[in-house]
Amino acid sequence: MVRLTLIVLAISAIVGLFSGGLDFIFTKMLSVFVVK
Numbered sequence: 001m002v003r004l005t006l007i008v009l010a011i012s013a014i015v016g017l018f019s020g021g022l023d024f025i026f027t028k029m030l031s032v033f034v035v036k
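Residue numbers (UniProt numbering): 1 to 36.
Bear in mind the hints are in silico, worked out from the structure with no lab data behind them.
Keep in mind that a hint or two might mislead.
Distance ranges between label pairs, derived from CB positions [stated by the list, open to error]:
id: 1; residue 1: Met1; residue 2: Phe24; range: 29 to 37 Å
id: 2; residue 1: Val2; residue 2: Leu22; range: 26 to 34 Å
id: 3; residue 1: Val2; residue 2: Val35; range: 46 to 54 Å
id: 4; residue 1: Val34; residue 2: Met1; range: 46 to 54 Å
id: 5; residue 1: Ile25; residue 2: Arg3; range: 30 to 38 Å
id: 6; residue 1: Phe26; residue 2: Val2; range: 31 to 39 Å
id: 7; residue 1: Val2; residue 2: Ser31; range: 42 to 50 Å
id: 8; residue 1: Val35; residue 2: Val15; range: 27 to 35 Å
Glycine included, every Cβ here is placed at the ideal spot set by N, Cα and C.
From just these sequences and the hints, can you work out the full model?
Spelled out as structure tokens, the structure:
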């Protein structure tokens, strides 16, 4: 049971980092296009 909780936490952390990274890249690209 504890192992399952750790797996879920790890997956949610990875997904959070991934979506956060995508959001950061998207905002960066958007600002670059807006400046030009």
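query: Broken hints, numbered, in rising order?
result: Violated hints: none; all satisfied.
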